[in-house]
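Given the sequences, and given the hints that come with them, work out the whole structure.
Protein chains in written order, with the working numbering: chain A, 16 to 286; chain B, 311 to 501.
For the record, the hints were derived by calculation from the structure and aren't laboratory data.
C-beta: ideal position from N, C-alpha, C; glycine also.
Hints are supplied without guarantee of correctness; some may be wrong.
Computed list of lysine-lysine pairs in DSS-like fashion (alpha-carbon distance at most 30 Å, straight line) [claimed, not checked]:
(1) K152/A <-> K214/A
(2) K437/B <-> K82/A
(3) K437/B <-> K212/A
(4) K437/B <-> K63/A
(5) K152/A <-> K212/A
(6) K212/A <-> K322/B
Partial list, derived from the structure: chain B residues whose beta carbon lies under 8 Å from chain A [unchecked claim]:
(7) L332
(8) T337
(9) D348
(10) I380
(11) R386
(12) D454
(13) V469
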Amino acid sequence: MDHRQYIEQYLSADIDGELSPAESQAVSSHLSSCADCRQRQADERAFKALLRQQIPILSAPPELRRKIVAALDREDAARVPPQVRRFSRLPLWLGWAGAAAAAAAIFVVVLMSSPRRHSPPSPGNPALEAAANDYLKAEHEFVPGSGLNTQTDLANALTMNFGYPFIWDFSSLGLNLAGGQIVHRPDGQLVAYSLYKGKGQSILCINLRQMDFSFPPGGHALHGVRFYRYRGLWIGVVNYGSVFCYFVTRMSPQQMLPALIHSGGLNPGSL
Amino acid sequence: MAMGAGDSQKRKQFETEALPHLDLLFTTAMHLTRNRDDADDLCQETMLRAYRFFHQYSPGTDCRAWLLTIMYNAFRSSYSRRQGREQLSASTQEFERAIDAESNQNASQADPQQLLIRSGLDEDVEKALDSLPEEFRTALLLVDVNDLSYAQAAQTLDVPIGTVRSRLSRARSMMRYALTHMVRARRSAGS
Ligand SMILES: [Zn+2]
Chain A
16 MDHRQYIEQY LSADIDGELS PAESQAVSSH LSSCADCRQR QADERAFKAL
66 LRQQIPILSA PPELRRKIVA ALDREDAARV PPQVRRFSRL PLWLGWAGAA
116 AAAAAIFVVV LMSSPRRHSP PSPGNPALEA AANDYLKAEH EFVPGSGLNT
166 QTDLANALTM NFGYPFIWDF SSLGLNLAGG QIVHRPDGQL VAYSLYKGKG
216 QSILCINLRQ MDFSFPPGGH ALHGVRFYRY RGLWIGVVNY GSVFCYFVTR
266 MSPQQMLPAL IHSGGLNPGS L
Chain B
311 MAMGAGDSQK RKQFETEALP HLDLLFTTAM HLTRNRDDAD DLCQETMLRA
361 YRFFHQYSPG TDCRAWLLTI MYNAFRSSYS RRQGREQLSA STQEFERAID
411 AESNQNASQA DPQQLLIRSG LDEDVEKALD SLPEEFRTAL LLVDVNDLSY
461 AQAAQTLDVP IGTVRSRLSR ARSMMRYALT HMVRARRSAG S
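And the structure:
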């Protein structure tokens, strides 16, 4: 290691205590014989301390605090639509049979009264095509990524990569989490898959970040989910800021929606 | 409307675990957006999103890092685009060229800390920070202001750890450069 290497590649991480053990060792051996770099190290430490000291933590203004509390109050009052709110207070194992039946009935009514009962397929749409292919592959074979087979691990990984855990409770449909995968597609796009399975059915959730996304044409919106009939599958698309979730399944929206809403992840009126 | 028992418990937990980080979020939002109104909006949006998804936050994990991830995602999806990303800050290339030119001269002349102590222009540090291009400003905010580890910052920004490391190293060079020049400019204007 020479001066230039130390300063350009190691100095900053050195004072943050973020060098690997091997790098640490190489740095120590250079510093022990180089007074200039020891001086640079001391300067950089002092500079970091100066930055911390001179960038003060501001106090959030009281009116901002009030606005946030008011927004939380509104959220408490309106978070869940009334018909679902009633079910969500029941313990899962007690309330579900009745709740699912009632909620399914509500959605059937919504579908019947919608002017277009069946959304037209959108052949060749790249986003739907990719989602359908991912599902058909996962339905055939799905190997969870290492460290991603428990709900907690997957929730942590999803939170860190996408800002939210994106874990769903489909136990009312007899589906349980089979595992997750977080991979980079060939174009560098980071994609997370979580597969829920049981009773001969499955739902694949696909999370990805798309900055300039517009929903594929067609489909219809129900409770914040835009549903598409595509290659014999149902694909529900939900937008959370820059993150999009695709739910791909052979189940109908009427079957899947109550569980999705029950999971608490849907923000009514987000479409 | 009356809340269920589960809801009010969630509200209490949110108020003890998430809301105490509001000062830090506000500070971060001010330097991200560089604008008081936008910082307010960004904080509100972040807290509301966090509240909606709070049932999925695992107690005991780092709530601050979780909130910052939500904030950064919200910022990236709306504010940065709306503002026209680099409107106020110098471009990265501009900084790099200037720093290269500087380091070809005698580098030891430019010790911003000494200059600052002598001139007492402390408020320049925040101005220098706000002049950095977004990706460098963000790395510095997460690690030096919010005390995140490189790994946490990498997860928040959705970039590899090596990228955080190099951005941070360059961010500090840019800060030195910007501070040195601000102090010199003030001095020559004053003398
Ligand atoms: Zn040296």
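Now for the hints, and whether the structure bears them out:
no.	hint	in the structure
1	K152/A <-> K214/A	holds (18 Å)
2	K437/B <-> K82/A	holds (28 Å)
3	K437/B <-> K212/A	violated (54 Å)
4	K437/B <-> K63/A	holds (16 Å)
5	K152/A <-> K212/A	holds (14 Å)
6	K212/A <-> K322/B	violated (34 Å)
7	L332	holds (5 Å)
8	T337	holds (5 Å)
9	D348	violated (12 Å)
10	I380	holds (5 Å)
11	R386	holds (6 Å)
12	D454	holds (5 Å)
13	V469	violated (10 Å)
Hint compliance for this structure: hints 3, 6, 9, 13 are broken, all remaining hints hold.
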